[in-house]
Structure formats: structure tokens, C-alpha cells
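Line order of the protein sequences matches chains X and B. This note's numbering numbers the first residue of the first sequence as 287 and each following residue consecutively. This note's numbering numbers the first residue of the second sequence as 19 and each following residue consecutively.
Fair warning: there could be bad hints in the mix.
[Said to hold, decoys possible] Think about it this way: if two alpha-carbon atoms lie no more than 25 Å apart in a straight line, the pair counts; the simulated BS3-like pairs of lysine-lysine are: (1) Lys348(X) - Lys191(B); (2) Lys288(X) - Lys116(B); (3) Lys116(B) - Lys25(B).
[Stated by the list, open to error] Residues of chain B clear of chain X, computed beta-carbon distances all greater than 10 Å: (4) Arg57; (5) His92; (6) Pro100; (7) Asp107; (8) Lys116; (9) Trp124; (10) Ala162.
[As the list claims (entries may be wrong)] A few chain B residues that face chain X, going by a derived Cβ cut-off under 8 Å, partial list only: (11) Lys89; (12) Tyr104; (13) Val219; (14) Val230; (15) Tyr232; (16) Leu235.
Source of the hints: derived by calculation from the structure; they are not laboratory data. Built from N, CA and C at the ideal position, the CB exists for glycine as well.
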Amino acid sequence: MKRLITLTLQYYRTLLVYNITFTFLCFFFIGLSAGNSSVSLFFSKFVGFVGAVALHNYSSAKTYFYYRNAGLSIRRLYAYAYLVDFIVLLISVILLAICRHLF
Amino acid sequence: MSALILKVDSVRLAFEDRKILQDVHITCRQGEVIGLLGRNGCGKSSLLRIIYGTLNASYKYVSIDDLFIHKGYHKNRIAYLPQHSYLPDSLKIKNLAKMLVDENFWDEFIDLTIYKVNCHKTTGQLSGGELRQLEMLMIIHSKADFILLDEPFTHISPIQADEFKPVIRACAKRKGIIITDHQYYNILEVSDKVILLKDGVTKHITNNDELVTYGYLSGK
């Protein structure tokens with residue numbers, strides 16, 4: 287289990303810059319047209335993640351052999367990384383709500 | 019524990035109308051090194067990727083101890099060293115090695131000079147040769163029962179190649195290895211059996227002179 291978590295976080299880390307960039311861009315453009323809401327936030331996060339995975343797949347597909355040699359299929363890797371991304375988003379939203387409430 | 023047997027049978031691969039592989043049969047037992055030779059574009063790397071499970075063939079039968087294997091990398095049955103670098107950038111070698119190297123061989127692995135010198139570096143900080151050595155050593159010390167090495171002697175110096183051969187032989191005591199490279203003399207030296215891939219068909223070589231007969235070597 288620890289190995290699985292480490293591999294997922296290693297992959298998630300390589301996506302991070304793309305992921306944040308795509309998410310902010312998507313949220314910005316959706317926000318302009320549809321207004322900022324939790325639906326647009328979650329939709330932007332999903333699009334940001336998919337965009338990051340697609341770009342990573344295009345630029346760094348060779349590194350997938352590392353994860354496969356560690357015994358992990360790429361579909362599982364995507365699923366676990368998305369789960370991590372979703373948890374990070376939830377924690378961020380909760381922290382933001384607490385901060386808003388307090389200050 | 020008896021040695022496991024990897025069987026590769028009736029592999030067929032075609033790109034549009036061009037038949038790449040049509041009659042491929044390989045048997046590799048743990049404890050054996052199988053050398054796979056062939057000209058450029060004859061399908062050596064494709065065959066390794068079909069065995070590993072990352073390339074779909076028109077037909078294939080790959081089994082370990084008569085159990086069909088769809089994706090060789092599932093459950094660490096087969097590990098594969100591709101021709102290109104495969105380790106992610108910006109991660110430290112020690113963090114990557116921990117994920118690939120078998121716990122039973124960890125002490126042996128961390129004793130290697132190349133690891134001691136570079137374990138705190140990221141892949142981007144290594145030279146091409148250093149990275150290739152570490153990538154190969156991680157695969158060789160992995161959990162997999164069978165190892166596929168695609169051009170392991172490329173990008174490394176002759177001295178490093180000479181250092182690798184005993185490592186491959188030592189690894190073969192506990193694993194089955196299929197190895198391919200254009201440096202055929204290294205393959206002949208390290209292999210128990212040699213298979214030539216010609217016109218999409220495997221030819222089992224019993225005498226090195228057959229490599230001349232089949233037109234792989236010039237014989238001069």
C-alpha cells in the first residue's frame with residue numbers, strides 16, 4: 287500500500303505544474319462566462335487534470351515504463367492520481383471555507 | 019522451487035500490409051539468457067513489447083508456467099528495459115530505486131558504486147551513460163521473474179559493457195532473461211541460446227556460423 291501511494295504521488299508530482307496551470311486557465315475562462323460556482327470549480331479541476339494527463343502523455347510517455355516496471359498499469363495510475371487530485375481539491379475548498387468563516 | 023518457464027508462441031504482427039512477425043516461438047527458462055539478434059527493423063523491439071504487453075499483436079500466446087499472460091508487467095512478472103531512458107525527471111534516484119528494486123536484493127543494490135555515487139541526484143543530473151547503467155541495474159534487481167533487455171549495451175562504454183556481462187550472468191541464476199542488441203559479440207558472449215529474427219520468423223541458432231548462412235553477419 288505504501289508503495290502504491292508513493293508511486294501515485296511521484297506521478298502526481300510530475301503532473302503538478304501542468305495540472306495547476308490548466309485548472310487555473312479553465313477556471314478563469316469558465317468564470318468569465320458562467321460565473322464562479324462550486325460546479326465550475328469542480329468542472330475546471332476535472333478539465334485541468336485531464337489536460338495535464340494528456341500533455342504529460344504527449345511529452346513524457348516514455349516514463350510510463352517506470353510505473354509499469356513497478357507493477358502498476360497506467361489506467362490504475364490515472365485513477366489513483368485523480369483520486370489524489372480530488373482529495374487535494376476537497377481539502378483546499380474546506381480550508382478556504384474555514385478561512386472565509388474565520389476572517 | 020522449480021524454474022519458471024516463459025513461452026512465447028505464434029506471435030503475429032503486421033503494420034497495414036507489411037508482416038513484421040509471423041512465426042515466432044521462444045521458450046525462456048529461469049536461469050537462462052536468450053540472445054535475440056536481427057537486422058534493423060526486423061521486429062526485435064516489437065517482439066519484446068508484445069511479450070511485455072505494451073504492443074498489441076494480431077495474435078500472441080505468452081505464458082509463464084502455462085498460465086496465459088496478457089500484460090507481462092502485471093504483478094511484476096516481467097520487467098522491460100526499453101531502448102530509451104524511462105525514469106521520470108526531477109525525482110531522486112534513491113526514491114525511484116526503492117520502487118523498482120526487490121527488497122531481497124536491496125542491500126546488494128545499494129552496495130553498487132554507481133548507486134552510492136548518484137543516489138542523491140535526480141535523473142536530470144546524470145550523464146546518459148550513468149543513467150543507462152542505473153536504469154539497467156534497477157531492472158536487473160527488480161522483483162520480476164523474467165527480464166527483457168532492449169539494447170542494454172548501447173550508450174555505454176566498452177569497459178562498462180564488460181562490467182555488465184557478469185551482472186547479467188549473475189542475475190540469470192534467479193531469473194530468465196531475453197536480451198537484444200546490435201553489439202552481437204556481447205550477446206553471443208552473455209547468452210546461453212541465440213535466436214535470430216529473420217523475415218518475421220525465429221531461427222534457433224546452434225552454431226554461430228549459421229549467422230553468416232542466414233545473412234546476419236557478412237562472414238568476412
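Comparing the hints with the structure gives:
1. Lys348(X) - Lys191(B): The given pair, whose Cα atoms are some 29 Å apart, is violated under the 25 Å limit.
2. Lys288(X) - Lys116(B): With Cα atoms ~11 Å apart, Lys288(X) and Lys116(B) stay inside 25 Å; holds.
3. Lys116(B) - Lys25(B): Not OK: Lys116(B) and Lys25(B) at ~30 Å, beyond 25 Å, violated.
4. Arg57: holds, 24 Å
5. His92: Its Cβ does come within 10 Å of chain X, the nearest being 7 Å, so this is violated.
6. Pro100: Check fails; 5 Å does not lie beyond 10 Å.
7. Asp107: Given that some Cβ of chain X is not farther than 10 Å from that of Asp107(B), nearest at about 8 Å, it is violated.
8. Lys116: With a cut-off of 10 Å, Lys116(B) comes too close to chain X, as the shortest Cβ separation is near 8 Å.
9. Trp124: Correct as stated: the minimum Cβ-Cβ distance to chain X is 13 Å, above 10 Å.
10. Ala162: violated, 8 Å
11. Lys89: holds, 7 Å
12. Tyr104: Interface hint status for Tyr104(B): holds (4 Å vs cutoff 8 Å).
13. Val219: For Val219(B), the interface hint is violated, since the closest Cβ of chain X sits about 28 Å away, which is over 8 Å.
14. Val230: The hint is violated - Val230(B) has no Cβ within 8 Å of chain X, the shortest such distance being about 35 Å.
15. Tyr232: violated, 31 Å
16. Leu235: Nearest chain X Cβ about 31 Å off; hint violated.
Hints 1, 3, 5, 6, 7, 8, 10, 13, 14, 15 and 16 from the list above are not met by this structure, while the remaining hints are.
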